[in-house]
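Peer 1: Here is what each chain is made of, one letter per residue.
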Amino acid sequence: MRAGQSTRRVSTDLVGIAVILAAAGIGFLLFPDNLALLTRIIALALLVLSLDLVTGYCGIATLGHAALYGAGSYAAGVAAAHFAISDPLLMTLAGITAGAAAGLVCGLVILRATGLPQLVLSIATVYLFHELANKLSSWTGGSDGLSGISPSPLLGLFAFDLWGRTAFGFGVALLLVVFVLLRILARSPFGMLCRGIKEDPLRIRSMGASPYRALAKMYVISGAVAGAGGALNAISTQVVGLDSLSFTLSAEALVMLVLGGTGSLYGALTGTVLFMLFADFVSAASPFHWLTMVGALLVAIVLFAPKGLYGSISDYLARRRGTA
Amino acid sequence: MSPILEARNLQKAFGGLKVIDDVSLRLEPGDRVALIGPNGAGKTTFVNLVTGNLRSDSGDVLIGGASVTHSGPAERAHRGLVRSFQVTRLFQDMTAEEHLALAILERDGKTHRLAGSYRAMPQVMREIGILLSTLGLGTVAHRKVREIAYGQQRLLEIALALALRPKVLLLDEPAAGVPQSDTGRIEAALADLPADLAVLMIEHDMDLVFRFARRVVVLAAGAIIFDGPPQAVTRDQRVREAYLGSYANVRRAH
Ligand SMILES: Nc1ncnc2c1ncn2[C@@H]1O[C@H](COP(=O)(O)OP(=O)(O)OP(=O)(O)O)[C@@H](O)[C@H]1O
Ligand SMILES: [Mg+2]
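Respectively, the protein sequence lines represent chains A and B. FYI, our numbering numbers position 73 of the first sequence as 923, with every residue one higher than the one before it. FYI, our numbering numbers position 129 of the second sequence as 146, with every residue one higher than the one before it.
Incorrect hints may appear among the rest.
Claimed, not checked - Below, a list of computed lysine-lysine pairs in the BS3-like style, where the Cα atoms sit at most 30 Å apart:
hint : chain 1 : residue 1 : chain 2 : residue 2
1    : A       : K1048     : B       : K35
2    : B       : K127      : B       : K161
3    : B       : K161      : A       : K1067
Said to hold, decoys possible - Only some residues are given here: those of chain B computed to face chain A with a beta carbon under 8 Å:
hint : residue
4    : G89
5    : Q109
6    : M111
7    : E114
Honestly, the hints are just simulated from the structure, not real lab data. A virtual CB, placed ideally from N, CA and C, is assigned to each residue, including glycine.
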C-alpha cells in the first residue's frame, strides 16, 4: 500500500510534467508568431504559483504579491544593465535571490497582522516597493522603465532571438524545474506543517511549532519563485517597468489564482493560462469591452465554480469516483 | 522531589468575572491527578493559563523550576508541557497517520525539512504504528479526520498528545464523547504511560477518576477547595456543597 502510494505520487508528477510540456507544445503550434505572449504567461504562472504558496497553502491574504515578482525583475534587469551580468542563468539567480529577500521583508511585515489588517499591510508593501523603484530612477529608470538589458546566449549556445524561441524554451524549462521542486515541497514535512498552520494555528502552537517562523520561511520560498518569474520577464522582454511592481498586477495574480483554484499547483497554472488567453482573445476582438468580459468571466466562475475551474472539476471527478 | 510543573497564584478574569482566583498547584513526576469541579468552575481556563493558550492576569508558571510565564504555548510544548483539548481540535484534511507524523517530526525538530517524507523514515513509521495500535486506530490510519467517527477523533487527540512524548500531560475530559465500548482503550493507554510522566486529567466520570487518580483536586468557582486522596473527596463537606451549587453561588455573590 505504501509503495503503491509513493509510486502513484511520482506518476502524478510525471503526468503534471507531461501536461505542461503538451500545453507548451500546443501553444507553440497555435501561436508561432506570438511566443512573447506564451513566455509572459509562464512568467506570470510563476508569480501565481508563488502566490498560491502563501495564499492557497498557508491561508495568508495578500494583495501585494507583485512586490516579490518586481523585485526579481528589477534585480535581473539591474544586474544586466548596470553590472554587465548578462548571463541569463546568473540573471535568474539574481532574480531569485532578490525575490527571496523581498519575500522575507514583506513576510515579516505582513505576518504581523491577520485578516483585514493583513490585507492592508500587503497593499502597503507593494506601494512602498513601487515608490522605492520610482525614486531610485538612476538605477531603475523610474517611470521610463529600465532598458539596456541584453542577455547573452543561454549556456553560450542559444541566442535570445527576435522571435522569442529561446526565451520561451528557457521559460518552459524554468517552469518545469519549479513545478517539480514545489511538488516535493508540498509533500515534505514542511508542507505538512504549513497545511496544519492554515487550518488551525493555535493547535499547531500547542504541538510546539511556531506559525510565524514557518510562514516567514514560506514567504522566502514564495519570493524565490516569484523572483524567478520576474527574472524571466526581464530576460524575455529586455525591459522592466514599474507595472511589474504594481498593485494592479498583484490583484490580477489573485484573480488568476481564484479562477483556477487555490491550494493546488494545477489550479494556479490553469487560472493563469485561462485568464491570459481569455484576456488576449477578448482584448483583440473587442478592445473597448475586454475588461467587462474578464469581469463577467470572473463572476461566472466564482458563482458557479467557487473552488475555481481546476478545483471544481477535480472535486466533481473525485465525487464521481466516490459514487462509482 | 521537586515539581515538574508549578502554577503560582494564577488569576484570570473575563470582563468583570473572576474565573481563576489565585490558584496554585504543583505536579511532581509520576503524579496522577484528577482535576474535577462543576461545569463552569474554570478547569479548562486553568489549563489554558498553564499552557499559555491564555495569558494570565497575574501569577507564574514554572516547568522544571524554570519560569515560562512569558513564553508562548509552542515554547512550553517544547519543554514537555502537552495538552489535549476538551472539544477535539484536529486537522480535517489530514489523515490520522499524518497527524502523528507531524507531531513526531515537530518533537524531533524536523518539520522544517523541505524535502523527503515521513513515510521514508522507518523510526517515525514504527512509532506511528505503535501509537495507532495502542489506541485502536489502525483501521483509520489513512482516513482523513473528517471521515472518522467522533469517538475515534477523541482517541486520536490523545495519541497526538502522546506522540509529543510529554513530561507533563494535561488531558481535558479525554473520555467525553467516546462511546462506552472505547473508554477502555483510553484507560489502557493511560495505564501504560511512562511512570515518571506527570498527568493531570479533567474528568466528570467519577468511576474513571477513582480508577486513575492517586490525588484529586477540586476546583469550584475559580478556587481550589480540595486537594487530597480520592478516598477523602466524597466525604468533604465543601466539595459536597460545591456540587450542590451552593458554594459557587456564595462566592459569586461577593
Ligand atoms: N474566552 C472566554 N470569555 C469569556 N468567558 C469565558 C471564556 N472562557 C471561559 N469563560 C467563562 O469562564 C468560566 C469557566 O469556564 P471553563 O471553560 O474554564 O469551565 P470548566 O470548568 O472547564 O467547565 P466544563 O466542565 O463545562 O468544561 C465559565 O463561566 C465560562 O463561561
Ligand atoms: Mg472545560
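Peer 1: Any hints this thing doesn't respect? Which numbers, in order?
Peer 2: Hint check: 1 and 7 fail, others pass.
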